[in-house]
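Undergrad: Protein sequences, first through last, are from chains A and B. Using full-length UniProt numbering, the first residue of the first sequence is number 1, and each one after it goes up by one. Using full-length UniProt numbering, the first residue of the second sequence is number 1, and each one after it goes up by one.
Since the hints were made in silico from the structure, they are not lab data. Cβ atoms here follow ideal geometry from the backbone N, Cα and C, with glycine treated the same way. Fair warning: there could be bad hints in the mix.
[To be verified] Not close to chain A: a few residues of chain B, all C-beta gaps over 12 Å, as computed:
1. I4
2. D19
3. D22
4. G49
5. A53
6. T80
7. V81
8. G98
9. D111
10. A119
11. Q124
[Unchecked claim] Subject to a maximum C-alpha distance of 30 Å in a straight line, what follows is the list of computed DSSO-like cross-link-like pairs (lysine-lysine):
12. K442(A) / K383(A)
13. K247(A) / K116(A)
14. K387(A) / K65(B)
15. K297(A) / K247(A)
16. K55(B) / K383(A)
17. K383(A) / K65(B)
18. K430(A) / K383(A)
19. K284(A) / K297(A)
20. K55(B) / K65(B)
21. K430(A) / K361(A)
22. K387(A) / K361(A)
23. K383(A) / K361(A)
24. K116(A) / K284(A)
25. K65(B) / K455(A)
26. K65(B) / K361(A)
27. K442(A) / K65(B)
28. K442(A) / K387(A)
29. K247(A) / K430(A)
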Amino acid sequence: MLIQEQSRHGRTATAQAPLEMADVSDLPAGLRRKQRAALPEVSELQAVRHYTRLSQQNFAIDTHFYPLGSCTMKYNPRACNSLASLPGFLARHPAAPESHSQGIMACLHELQDMLKIVTGMHAVSLAPAAGAQGELAGVMMIRAYHDARGDHERREILVPDAAHGTNPASAIMAGFQVREIPTGSNGDVDIAALRDAVGPQTAGIMLTNPSTVGVFDRNIQAIAETVHEAGGLLYYDGANLNAILGKVRPGDMGFDVIHMNLHKTFSTPHGGGGPGAGPVGVSKRLEPYLPVPLVVKDGDDYHWQVEHDRPESIGRMTAFGGNMGILLRAYIYARLLGAEGMRRVSEYATLNANYLLARLKDAGFTAAYPERRASHEFIVTLKREAKEYGTNAMDFAKRLLDYGFHAPTTYFPLLVPECLLVEPTESEPKEALDGFVDAMTKIRAEAQENPDTLKQAPYSLPVRRLDDVRAARQLDLAWRPERVED
Amino acid sequence: MSDIPNDLKYTESHEWVRDNGDGTVTVGITDHAQDALGDLVFVEVPEVGAKLAAKDACAVVESVKAASDIYAPLEGEVVTVNEALDDAPETINSDPYGEGWIFQLKLAGDDAGAGLLDADAYQQVVEDDA
Numbered sequence: 001m002l003i004q005e006q007s008r009h010g011r012t013a014t015a016q017a018p019l020e021m022a023d024v025s026d027l028p029a030g031l032r033r034k035q036r037a038a039l040p041e042v043s044e045l046q047a048v049r050h051y052t053r054l055s056q057q058n059f060a061i062d063t064h065f066y067p068l069g070s071c072t073m074k075y076n077p078r079a080c081n082s083l084a085s086l087p088g089f090l091a092r093h094p095a096a097p098e099s100h101s102q103g104i105m106a107c108l109h110e111l112q113d114m115l116k117i118v119t120g121m122h123a124v125s126l127a128p129a130a131g132a133q134g135e136l137a138g139v140m141m142i143r144a145y146h147d148a149r150g151d152h153e154r155r156e157i158l159v160p161d162a163a164h165g166t167n168p169a170s171a172i173m174a175g176f177q178v179r180e181i182p183t184g185s186n187g188d189v190d191i192a193a194l195r196d197a198v199g200p201q202t203a204g205i206m207l208t209n210p211s212t213v214g215v216f217d218r219n220i221q222a223i224a225e226t227v228h229e230a231g232g233l234l235y236y237d238g239a240n241l242n243a244i245l246g247k248v249r250p251g252d253m254g255f256d257v258i259h260m261n262l263h264k265t266f267s268t269p270h271g272g273g274g275p276g277a278g279p280v281g282v283s284k285r286l287e288p289y290l291p292v293p294l295v296v297k298d299g300d301d302y303h304w305q306v307e308h309d310r311p312e313s314i315g316r317m318t319a320f321g322g323n324m325g326i327l328l329r330a331y332i333y334a335r336l337l338g339a340e341g342m343r344r345v346s347e348y349a350t351l352n353a354n355y356l357l358a359r360l361k362d363a364g365f366t367a368a369y370p371e372r373r374a375s376h377e378f379i380v381t382l383k384r385e386a387k388e389y390g391t392n393a394m395d396f397a398k399r400l401l402d403y404g405f406h407a408p409t410t411y412f413p414l415l416v417p418e419c420l421l422v423e424p425t426e427s428e429p430k431e432a433l434d435g436f437v438d439a440m441t442k443i444r445a446e447a448q449e450n451p452d453t454l455k456q457a458p459y460s461l462p463v464r465r466l467d468d469v470r471a472a473r474q475l476d477l478a479w480r481p482e483r484v485e486d
Numbered sequence: 001m002s003d004i005p006n007d008l009k010y011t012e013s014h015e016w017v018r019d020n021g022d023g024t025v026t027v028g029i030t031d032h033a034q035d036a037l038g039d040l041v042f043v044e045v046p047e048v049g050a051k052l053a054a055k056d057a058c059a060v061v062e063s064v065k066a067a068s069d070i071y072a073p074l075e076g077e078v079v080t081v082n083e084a085l086d087d088a089p090e091t092i093n094s095d096p097y098g099e100g101w102i103f104q105l106k107l108a109g110d111d112a113g114a115g116l117l118d119a120d121a122y123q124q125v126v127e128d129d130a
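Only chain A is shown next, with the shape it has when bound in the complex (with noise of 0.2 Å):
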């Protein structure tokens, strides 16, 4: 039920109602409303239970295995939370001044510098307040870089096929035609293919390693060699970076910019789709195209830079830092961690990731990249049991909920048929992965004896089967009153 069925004319939450409405007299009549606005008249308990009820009827880390590839559903640690709720930070204004605010421009430029370190770049902005805002800061910092050598024939951007859509999506914000590179059998990107594509027009490539298949591309210095030598930069995209970290450095790989997505590797809540963060991190070369603010520190004390100190940057993401909420927790999540427990958090990703491919494996499920060590995720193909049961990776999916786990990602990467990427995280104890094998076991034979038991799923949660073509097609969410009562 919506909070709105719930409203009856007059009922009030008392507790936070004003002590008297403010007089709008001195507002300009036409900018006055004719009619109250359509908000929900409940009264403080009905408020506590719809939204209680609401978060209990939801599937989240805190309540169930998550395995989402390619979005890194770890566990955010409490601590995190409570730290970063400290009235200090809390109740800190966002226009406060510089010697107001010399705490969380500490823990600030320290995220910086431990962001710089554990990916090997040279420089980092906290700015870009999601990860596709940092891919598009990565990508206008490309082209900065590449205008203000008025070299302007570099209109183009590789990107492989198995990519994130946001990358060409951020490529052609960004100004830039986008030229997509294949795939091999392998998993790994076509050197012959990139070889051919690669040339003055060539503007950089955008490559996610370990890649959206879940394994790490064994070519990446042969990569980043052809498209350096032509001319192009090579970019990094963060998402995967839970497979590699404090092991591997994109910088020492040859990467010249790097998004990081705070909100997965370093453990910050995802919570319905944000607030996210999306540092950008730049080799040498980029570094006067940064995205303001950047903390820096003189002396013993830290500043803030913006558009005058660095001319050439491309400029704000966001109003003031970006999202200091999730800055703050992703800084005490890494200082939680330290360099050594980092390394432990891709060691275990790994692990994780490696035992259930493995255990689904001997369950009989296909795996895509059958010859492959798994990075942090690992891709099943359901394309045997659909062709055999006629149940496809969606009606699998569906089913997983009735058991207590929310589905992997389904179809994607597109170029897998019927694939389910598995991201299980270092957070998960064995009994998790042992459990999601269980039940992808009895959800086969399920399968097997009676599809429909499949095609019907979910049948134990709060809503059945959506109508995800109506959504679809039928955009419009909005809610609107019958009568609104003055």
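For chain A, the structure is supplied; the task is to place chain B on it using the hints.
TA: Only chain B this time, still in chain A's reference frame:
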């Protein structure tokens, strides 16, 4: 088993091409392609008058699973587009070779079959895909 009519030509990227015999061809996506994409929710047709080279990305079909480019099978100019797909993209699912056509090209050359696959060759592409 997907439907592959014998009287059409095909591309490896799953477009079908019907020779209208008057220097124009009609283009759509195959039954196999619509089945792999699933329920379509949006179709972006090319602009009338657009001049296309063979293999130019010129239209987009979007399903609940994915968005996918449609490529020009031959060189030519777009003369007609199927505007009905705006309101009813699902027509491509229900009738891919008929009402679900996407656009018509006036060919630059005279060979409506140049470099295209016949039904048997396309059948092989589909089987290799599976």
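Undergrad: Taking each numbered hint in turn, which are not upheld by the structure, reported in ascending numerical order?
TA: The structure conflicts with no hint, since it agrees with every one listed earlier.
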